[in-house]
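Starting from the given sequences, assemble the full structure and let the hints guide the process.
Chains as they are written, first to last, in this note's numbering: chain C, 26 to 100; chain F, 2 to 737.
Keep in mind that the hints were calculated from the coordinates and are not lab data.
Computed from a predicted model, the values in this text were never measured in an experiment.
Treat the hints with care, since some could be wrong.
What the hints assert, rightly or not - FRET-style restraints, in silico, Cβ to Cβ:
(1) C/P87 <-> F/F428: 35 to 43 Å
(2) C/L44 <-> F/M667: 52 to 60 Å
(3) F/A436 <-> C/L44: 29 to 37 Å
(4) C/S39 <-> F/I443: 30 to 38 Å
(5) C/L44 <-> F/D331: 53 to 61 Å
(6) C/L44 <-> F/R356: 29 to 37 Å
(7) C/L44 <-> F/L682: 30 to 38 Å
(8) C/S39 <-> F/I310: 38 to 46 Å
(9) C/G28 <-> F/A637: 26 to 34 Å
(10) F/M432 <-> C/L44: 47 to 55 Å
(11) F/A398 <-> C/P87: 52 to 60 Å
(12) F/R334 <-> C/L44: 55 to 63 Å
Unchecked claim - Here are some, though not all, of the chain F residues that point toward chain C, as calculated from beta-carbon distances under 10 Å:
(13) T76
(14) Q282
(15) T293
(16) Y294
(17) K387
(18) L411
(19) A422
(20) V423
(21) C555
(22) W558
Where a beta carbon is used, it is the ideal one built from N, C-alpha and C, also for glycine.
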Amino acid sequence: MGGWNIIMIGFGASIFIALSYISIPKGPNQTTIRTSLILTIICCYLMWAIAYLAQLHPLITPKSVGGIHHEELKF
Amino acid sequence: MPYSSLFRSEEMSLIQLYIPQETAQPTVAELGELGLIQFRDLNPDVNAFQRAFVKEIRRFDEMERHLRFFDAQLTKSDIPVRPLTGDIRNIHARSAQEIDDLEEKIIEHERRITQMNDSYETLQKQYLKLTEMKFVLQETRVFFDEATSRQDNIRNSFDEPTAPLLEQQDLEHGSESLVLHHLNLGFVTGVISRAKMLTFERILWRALRGNLYLKYVEIDEPITDPETDEVLEKNVFIIFAHGKELINKITKISESLGATLYPVDSDPNVRDNNSTEITSQIEARNSVLQNTYNVRRTELLKIAEDLNIWMTIIKKEKAIYHTMNLFNYDSGRKCLIAEGWCPSNDFDKINQALRNATDQSGSTVPSILNELRTTKEPPTFIRVNKFTVGFQEIVDAYGVAKYREVNPGLFTIITFPFLFAVMFGDFGHGMLVTAAALYLVIREKKFEKGISDEWHGNQTDAQQIGVYPIGIDPAWHGSDNFLIFTNSYKMKMSIILGVIQRDNNGELVHSAPPGLLNMLIYMFLQPGVVAEEDKLYPGQGFVQGTLLFIALICVPWMLLTKPFIMRRDHKKIRSQGYHNPQMDTTRVSTDEDNEYGGAVVAEEMFEVEEFDFGEIMIHQCIHTIEFCLGCISNTASYLRLWALSLAHAQLSSVLWDMTLKPTLGMSGVLGTIAFIIAFTLWFSLTVFILLLMEGLSAFLHALRLHWVEFNNKFYEGTGRKFQPFSFKLILKDDDH
Chain C
26 MGGWNIIMIG FGASIFIALS YISIPKGPNQ TTIRTSLILT IICCYLMWAI AYLAQLHPLI
86 TPKSVGGIHH EELKF
Chain F
2 MPYSSLFRSE EMSLIQLYIP QETAQPTVAE LGELGLIQFR DLNPDVNAFQ RAFVKEIRRF
62 DEMERHLRFF DAQLTKSDIP VRPLTGDIRN IHARSAQEID DLEEKIIEHE RRITQMNDSY
122 ETLQKQYLKL TEMKFVLQET RVFFDEATSR QDNIRNSFDE PTAPLLEQQD LEHGSESLVL
182 HHLNLGFVTG VISRAKMLTF ERILWRALRG NLYLKYVEID EPITDPETDE VLEKNVFIIF
242 AHGKELINKI TKISESLGAT LYPVDSDPNV RDNNSTEITS QIEARNSVLQ NTYNVRRTEL
302 LKIAEDLNIW MTIIKKEKAI YHTMNLFNYD SGRKCLIAEG WCPSNDFDKI NQALRNATDQ
362 SGSTVPSILN ELRTTKEPPT FIRVNKFTVG FQEIVDAYGV AKYREVNPGL FTIITFPFLF
422 AVMFGDFGHG MLVTAAALYL VIREKKFEKG ISDEWHGNQT DAQQIGVYPI GIDPAWHGSD
482 NFLIFTNSYK MKMSIILGVI QRDNNGELVH SAPPGLLNML IYMFLQPGVV AEEDKLYPGQ
542 GFVQGTLLFI ALICVPWMLL TKPFIMRRDH KKIRSQGYHN PQMDTTRVST DEDNEYGGAV
602 VAEEMFEVEE FDFGEIMIHQ CIHTIEFCLG CISNTASYLR LWALSLAHAQ LSSVLWDMTL
662 KPTLGMSGVL GTIAFIIAFT LWFSLTVFIL LLMEGLSAFL HALRLHWVEF NNKFYEGTGR
722 KFQPFSFKLI LKDDDH
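Okay, here's the thing in structure tokens:
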């Protein structure tokens, strides 16, 4: 993967933003819908990018001290 | 005509209306239905009793009083009033003729109902009295019969003190009366409440020193006392005593104790006649009572059909005349002058309403709408729909936006649920809340009357955006150092989100992004220099130095730019002002505080004269200091995003570990039972603690972040809300 993903996805997000800016039809709610869409795209991108970046160059990795991992429980 | 948007409040104009007198009422009615004008009071010095339309308002007050009376009568008779459905609410205010008819109708109804109520009351009293009389006759007959059957015994023991007082000589001829007369024996009959019986007896014994013979019987059914309207248990009594004075004493005592006395004839034949007569009278009363009751009920049912409509009409009419009291009356031209604020975009609608009213009243003189120029600050009007109104309400709760200021409500639609979600941070719980919200949205029509806008708007929006889209690697789950990782992740995320939200409003400030602690500290202590082994990326020293330099420059930039620009503009205006003394012809508002004609422009010049550079500098200083300090504190404040999401995650995790997880390892019947119990416990705690309590908590903190950290960067919020004259708003207020 790598750090370029952040840029690429960011680029994709800005395309979406531009699209939503131009494609919402005029009307009493134009500003509201546009702003909402753009803010949503930004928020979703941010959430993804921050989580991604946090795991990009990890300083620690998962470690378990004994005990059964919950995914290994049998019923 | 530009569309209004949520970004800024709408452009408002001060308008003047000239309304000819004959179309005044229909015009104001139309404007009330439209609900787009906030009228100003042009008669502020006139007190309420001297206003022009006091008489009309009083008339409507009277009618309203009658309607309230009807409402009380309907409630007493348990008749439901027909509720207003949607279209009925749109009843237009009536013409003068229709109002007169309505008034007549209401007065007529009221007269009839009051009459029926009165006659019913009278009949009821008579009925009760007759019923008691009937009981008295019934029971005393027993005494008299009893007494006459002992005639033989009486003869013999006439002189003994324990002997009964009555003596019978000739029963067949019914000559009791002769006997009593002969013995000068009188009696008193009546009815008294059971509670007072013993007291009555005791007082009589003491007062008459035992020279009386009292007998009483209980009446089986409780009777409503005709005087006091209470339902009581009563007794019939008969008292025999010797001599007129004693009889008088007894009478007085009974009356003082609240007994009702009913005269009974001593002759049994007369008594029988009375009995039959009373029975027939009771029958007659009963049927009349029934009749009256039915007629009254029919009348009330008719009223119930229309009551709400009448109330709405009256309320609208009162509102119209109260509004007309705000207008100025020009007696020379026989017209009313109104002044008010309205959105500039709605001139067409208002003109249309004026035309409708003129057509309706059949007048040939049209009303005129005139726009005034003014420097007064208009009210703030933000057009919302049922989705955006919730967010606008929580913004307005902090403060209504100043006229034409940027409205944070627009961004709040997304940022508020986003921050809420970051703190709530849970896909599963989020789905539950979304499901609840969907339920409310689907049942919107049914809930419309109950739930207030705020709650509704918030629920509609609990859709979660803060989901793990690609998210955190699942390998982290269950590992022991999970918290170390997530804490670091969340802290950084909080700060980044905080910085971005604040930068969003265009202030030119850059805060250094937080990194490893040492790096940060050394960035300030050794600007531009980074030790080789500490380097995180090439060129770090240069980058850090530049950032620090930019941050340093920002302080004087913020401090000095704005005041100097303002000073330059002020100088420009001043020089221009002396060159253009001519004022545009402005219609002056008929407001008393404008004493000079054309004072509008003069006011502007006045303000310009008062530009004080020193004061502006001081304001700017304060603003700069506040901002710089706020930078640190507000950024740190965003760490609550971390705190709450951590709390929520830990609570969920612990709840699971403590309730359901242990039961998963158990087997057999015991395991199943334990699982069911644990599941109930888990689900109810999830709903109450994790969804409701944590939800409330996240709501509150998201709100705080908006109100304090976001708003204090740019929002003034010192405006006043636009409150148009609107029947819809008035009727809605009355309902609550």
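Assessment of proposed distance window 26 to 34 Å (beta carbons of C/G28, F/A637) | holds (28 Å)
CB-CB spacing for C/L44 and F/M432 relative to the 47 to 55 Å hint | violated (29 Å)
Per the CB criterion, is F/V423 less than 10 Å away from chain C?
-> holds (8 Å)
With chain C as the partner, please determine if F/T76 meets the hint condition of a C-beta pair closer than 10 Å.
-> Because about 44 Å separates F/T76 from the closest Cβ in chain C, which is outside the 10 Å limit, the hint is violated.
When the nearest CB of chain C is found for F/T293, is that gap smaller than 10 Å?
-> Check failed: Cβ of F/T293 comes no nearer than 59 Å to chain C, outside 10 Å.
Regarding the hint that F/A422 lies at the interface with chain C, is the smallest CB-CB distance below 10 Å?
-> This interface hint holds because 9 Å falls under the 10 Å limit.
With respect to the beta-carbon atoms only, verify the hint that C/P87 and F/F428 lie 35 to 43 Å apart.
-> violated (20 Å)
Supplied distance hint 53 to 61 Å, evaluated on CB atoms of C/L44 and F/D331 | Holds - the Cβ-Cβ distance for C/L44 and F/D331, about 58 Å, lies within 53 to 61 Å.
Starting from the range 38 to 46 Å, see whether the pair C/S39 and F/I310 falls in it by beta-carbon distance.
-> Distance hint for C/S39, F/I310 is violated at roughly 58 Å.
Could you tell me whether the CB distance from F/A398 to C/P87 stays inside 52 to 60 Å?
-> violated (45 Å)
With chain C as the partner, please determine if F/K387 meets the hint condition of a C-beta pair closer than 10 Å.
-> This interface hint is violated because 12 Å lies over the 10 Å limit.
Proposed interface contact between F/Y294 and chain C, which counts if any beta carbon pair is under 10 Å | violated (57 Å)
The structure shown violates the earlier hints numbered 1, 6, 7, 8, 10, 11, 13, 14, 15, 16, 17, 21, 22.
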